[in-house]
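When you get a sec, could you build the whole thing from the sequences and use the hints?
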Amino acid sequence: MLEVDDLHAFYGKSHILQGVNLRVGEGEIVSILGRNGVGRSTTLKAIMGDVPPQGSIAFKGKPIAGMKPYEIAHSGLGYVPEDRQIFPSLTVGQNLLLGVKSGGRNRRWGFKETYELFPVLRERAHTAAGVLSGGEHQMLTICRTLMGDPDLIMIDEPTEGLAPQMVERIAVLLQSIAERKISILLVEQKLTIAMKISHRLYVMGHGRMVFEGTPADLRANEAVRREWLEV
Amino acid sequence: MLELVLVSTLNGVLYGMLLFLMASGLTLIFSMMGVLNFAHASFYMLGAFFGFQISQLVGFWPGLILAPILAGFIGALIERYGLRNVHRHGHVAELLFTFGLAFVIEEIVQMIWGKLPRDYRIPPSLDFSAFTIFSTNYPAYKMFMLLFAIGIFVALLLVLTRTRVGLIIQASLTHPHMVGMLGHNVPRIFMLVFGLGCALAAVAGVIAGPALVTQSNMAALLGPILFVVVVIGGLGSLSGAFIASLLIGLLQTFAVAVNLSISDIFGVFGIHTNPLPFLSDIWRVTVAQIAPIMPYLLLVLILVFRPTGLMGTRDT
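Chains as they are written, first to last, in our numbering: chain A, 1 to 231; chain B, 1001 to 1316.
It should be emphasised that the hints constitute simulated quantities derived from the structure, not laboratory data. Keep in mind that this is a model prediction, so the values were computed, not measured. A hint or two may mislead.
Stated by the list, open to error - FRET-style restraints, in silico, Cβ to Cβ:
#, chain 1, residue 1, chain 2, residue 2, range
1, B, P1187, A, A128, 48 to 56 Å
2, A, T127, B, A1130, 43 to 51 Å
3, B, R1306, A, S56, 47 to 55 Å
4, A, E113, B, R1188, 25 to 33 Å
5, B, V1258, A, R122, 56 to 64 Å
6, B, F1128, A, S102, 27 to 35 Å
7, A, A125, B, F1128, 35 to 43 Å
8, B, P1224, A, R122, 45 to 53 Å
9, A, H206, B, P1224, 53 to 61 Å
10, B, L1297, A, E113, 53 to 61 Å
11, A, D83, B, T1286, 53 to 61 Å
12, B, A1211, A, G66, 47 to 55 Å
13, A, S56, B, H1089, 26 to 34 Å
14, A, S102, B, L1297, 42 to 50 Å
To be verified - Partner residues aside, some chain A positions facing chain B, computed with beta carbon under 8 Å:
#, residue
15, A73
16, Y79
17, P81
18, Q94
19, L97
20, L98
21, G99
22, G148
Said to hold, decoys possible - Covered by chain B, according to a simulated footprint, are these stretches of chain A (three or more residues, beta-carbon under 8 Å):
#, segment
23, 57-70
24, 214-225
Beta carbons: idealized from backbone N, C-alpha and C, even for Gly.
What follows is the structure in structure tokens.
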């Protein structure tokens, strides 16, 4: 579904991505692990066109490198940034409405699914989104992107700064997304949640992938964990 | 006295609403693109001249509809093929672009319509007095201007808060990248907002043209006041622009109507001779005489004591 080959990206003169290769299949949950500053978020931004990418990015068989972010979004790629970017002065309902694309079909995910999974968002539908808690922001921002009916959703650090039971609920949400045959590309810091829900994992270090495999493979490979993940 | 207060209040609110028609577009454009559009008052002038030309051919009312559409269309084209290309060279380049654009529009208007005022008339259907306050006949056309401006304001508010496009515009004001990544064509929204802002300024031009003077210097006369309004209101704040428009509108109309001088004010306290003879010129200056500089005085005071403006949050 998503095929990235030899992806490079720069911030000014610093060479952040140095030949990233990765694959995400249909209905698959794939996580990118790694320490801060190795280029995980930049990988997502480059795929989304928010950072100019060099290299080959194909989505559903079509090259998308060089396209504008809104065109990439329209081709069925959803993105949830790390800083969430809620529209604070708009209501929860309006935030969700803005996730719907013009001429959108909205088959797999709508207000009904959002409110069923997160009743608190229904209760707050007419409240300004700015006053929600961190966990509610995260639910809202993921659901907002889902409203656009993406075939693949890229989520950057969804559990960062959240309380343990909220992390649990995000994990449930991610699995229910995958059940609807929406692929997930997840950037995570917490090993536990990524190991629990992912089908495959990448470990990233210094601008490229240093490990690829199943959660079981990573559990067995202590050297990779020690060198690239554990602090 | 009461008569003066009533008539001045009506005139002040009317002038304020006209200012707001322009300031609202300027503010929207600024908050969305970060561009202070120096040519904004030029679209007000274009509105007046288009309205005048159309009124010569088919009458006032078609002009009221067509002139803003035409000006808005020109604005959208300028954004799409001019400003958008200049944008990648930064804000200074954009500022210079709009600055130059103001001169270009003024020269073109002079080439086509000349430098002398044009005879843009109030439509006959509105050429009567609406009511009489004591001895002042208040013209129906002025009431029409006031109501029309308020109507446009309400429509703008409804579009911004009740429609999907309005929501996209609101969200793009603060998070244009995120709006783009949700699949909305943000550059097209920018073009739309620029065109809409220019159309609003042109509406002000069409309705003000017959009441004021339709002349090629009308943009240069109004432009500076417009910037005073948006800076006092707080750059990027619509509600601030609204308050500042009314404030400046009332301030200017009342100041013109007041014939007090400094000597009169001292006279109230029983001082009838000028204590400082070398300042005798200033002693006799009336409020009405300094009315034109009052908005700028207010601007300076605001910038000293509240640099973000009345309602602004953004650094200027």
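Tested hints:
1. The hint said 48 to 56 Å for the Cβ distance between P1187/B and A128/A, and at roughly 28 Å that hint is violated.
2. The hinted range of 43 to 51 Å is satisfied by T127/A and A1130/B, whose Cβ atoms lie roughly 45 Å apart.
3. For R1306/B and S56/A, the hinted distance range of 47 to 55 Å is satisfied, since their beta carbons lie about 53 Å from each other.
4. At about 29 Å, the beta-carbon gap between E113/A and R1188/B stays in the expected band of 25 to 33 Å.
5. Between V1258/B and R122/A the beta carbons are some 57 Å apart, a value that agrees with the proposed interval 56 to 64 Å.
6. Our hint of 27 to 35 Å for F1128/B and S102/A is violated, since their Cβ atoms are close to 48 Å apart.
7. Range check, A125/A to F1128/B: Cβ separation about 51 Å, and the 35 to 43 Å hint is violated.
8. For P1224/B and R122/A, the hinted distance range of 45 to 53 Å is satisfied, since their beta carbons lie about 51 Å from each other.
9. Take H206/A and P1224/B: their Cβ atoms lie about 56 Å apart, and the range 53 to 61 Å holds.
10. In this structure, L1297/B and E113/A meet the distance hint of 53 to 61 Å, their C-beta atoms being roughly 58 Å apart.
11. Between D83/A and T1286/B, the C-beta spacing of about 57 Å keeps the proposed range 53 to 61 Å intact.
12. At roughly 53 Å, the beta carbons of A1211/B and G66/A sit within the given window of 47 to 55 Å.
13. Distance hint check for S56/A and H1089/B: the Cβ-Cβ separation is about 30 Å, which falls inside the suggested range of 26 to 34 Å.
14. Checked against the given bound of 42 to 50 Å, the beta carbons of S102/A and L1297/B, roughly 48 Å apart, stay inside it.
15. Below 8 Å, beta-carbon pairs count as interface contacts, and A73/A has one with chain B at about 4 Å; its hint therefore holds.
16. Of the supplied interface hints, the one on Y79/A holds, with its beta-carbon coming within about 5 Å of a beta-carbon of chain B, less than 8 Å.
17. Interface restraint check: P81/A against chain B, minimum CB-CB distance 7 Å, threshold 8 Å, status holds.
18. Because the closest C-beta pair between Q94/A and chain B is about 5 Å apart, less than 8 Å, the hint holds.
19. The interface hint given for L97/A holds, since its Cβ lies 7 Å from the closest Cβ of chain B, which is under the 8 Å cut-off.
20. The closest approach between the C-beta of L98/A and any C-beta of chain B is roughly 6 Å, which is under the 8 Å cut-off, so the hint is satisfied.
21. The beta carbon of G99/A comes within 6 Å of a beta carbon in chain B, closer than 8 Å, and the hint placing it at the interface holds.
22. The closest approach between the C-beta of G148/A and any C-beta of chain B is roughly 5 Å, which is under the 8 Å cut-off, so the hint is satisfied.
23. Counting residues of the segment 57-70 of chain A whose C-beta lies closer than 8 Å to any C-beta of chain B gives 3; at least three are required, and the coverage claim holds.
24. For the segment 214-225 of chain A, the stated coverage by chain B is violated: 0 residues have a C-beta nearer than 8 Å to a C-beta of that chain, whereas at least 3 were required.
The structure fails hints 1, 6, 7, 24 (numbered hints given earlier, in ascending order).
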